[in-house]
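We have chain A; now place chain B onto it with these hints.
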Amino acid sequence: NAGVTQTPKFQVLKTGQSMTLQCAQDMNHEYMSWYRQDPGMGLRLIHYSVGAGITDQGEVPNGYNVSRSTTEDFPLRLLSAAPSQTSVYFCASSSRDTTYEQYFGPGTRLTVT
Amino acid sequence: GEDVEQSLFLSVREGDSSVINCTYTDSSSTYLYWYKQEPGAGLQLLTYIFSNMDMKQDQRLTVLLNKKDKHLSLRIADTQTGDSAIYFCAEGSNDYKLSFGAGTTVTVRA
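Keeping their order, the protein sequence lines are chains A and B.
Everything in the first sequence is counted per our numbering, starting at 35 for the first residue and increasing by one.
Everything in the second sequence is counted per our numbering, starting at 31 for the first residue and increasing by one.
If we strip away everything but chain A, and leave its shape as in the complex, we get (with noise of 0.2 Å):
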């Protein structure tokens, strides 16, 4: 059993390049979400997903889109890349009949230059 997982894992972009983080789980979970980790700063909702075909926005979703065509896969798209995007991105998932156990991926260190 895989849980969920994310990749790549470490990546480097320059300003206005554009990318796609992955995020899977093999849980049936049907909520899934995004968040980014700053130093002194905990983690921040981006976006999140109630179920196939639903999102909805988090705390900071300016710069990133998000699609759930699947159950399986929610993936973190950035359109054009900026400095103030470097960061830790976390992916999590949960079921909807416990939603209070959330599990969270390995995440994916981006550094935009």
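Don't read these hints as lab results, they were simulated from the structure.
Any given hint might turn out to be false.
What the hints assert, rightly or not - Covered by chain A, per the in silico footprint, the following chain B stretches (three or more residues, Cβ under 8 Å): (1) 68 to 79; (2) 131 to 137.
Stated by the list, open to error - Cβ-Cβ distance ranges computed for the label pairs, FRET-style: (3) A/36 with B/70: 14 to 24 Å; (4) A/87 with B/140: 49 to 59 Å; (5) A/107 with B/74: 21 to 31 Å; (6) A/48 with B/45: 25 to 35 Å; (7) A/52 with B/108: 46 to 56 Å; (8) B/70 with A/54: 37 to 47 Å; (9) B/88 with A/60: 23 to 33 Å; (10) B/58 with A/48: 36 to 46 Å; (11) A/117 with B/70: 17 to 27 Å; (12) A/87 with B/87: 35 to 45 Å; (13) A/86 with B/74: 20 to 30 Å; (14) B/111 with A/86: 42 to 52 Å; (15) A/52 with B/69: 44 to 54 Å; (16) B/123 with A/60: 39 to 49 Å.
To be verified - Straight-line distance between alpha carbons at most 16 Å, and here's what the computed EDC-like set of lysine to aspartate or glutamate pairs gives: (17) B/127 with B/33; (18) B/100 with B/84; (19) B/100 with B/44; (20) B/66 with A/64; (21) B/97 with B/56; (22) B/97 with B/33; (23) B/127 with A/135; (24) B/127 with A/131; (25) B/127 with A/64; (26) B/98 with B/84; (27) B/66 with B/33; (28) B/97 with B/35; (29) B/98 with A/90; (30) B/100 with B/46; (31) B/127 with A/60; (32) B/97 with B/84; (33) B/98 with B/46; (34) B/100 with B/35.
Every residue gets a Cβ at the ideal spot worked out from N, C-alpha and C, and that includes glycine.
Below, chain B without anything else, positioned relative to chain A:
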């Protein structure tokens, strides 16, 4: 997040108890959580407590919740070197979105 506050650093001697404190502002919080993050790793759910509980014990971990003061604490008994990590307090409601504190870095010294 600004709604959840915790001290940034804690140093403890191996074998002693660690106590990490957290305060939150949202009185509608349903669940309070403690997550552990080891270097270079993701977040691991350590334990959680429902807002209608005062205390939860799980092996070496004891969670105390004072709902009136919106204060949450995590006590780790017999702290070991493997307990060195960042500990995040988080609160959530039934919509499952979590608000995190900035994390407390716990250093265990011999």
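Exercise for review: Hint by hint, work out which the structure violates, then give me just those numbers in ascending order.
Suggested key: When the structure is compared with the hints, numbers 6, 8, 15, 16, 19, 20, 27, 29, 30, 31, 33 turn out to be violated.
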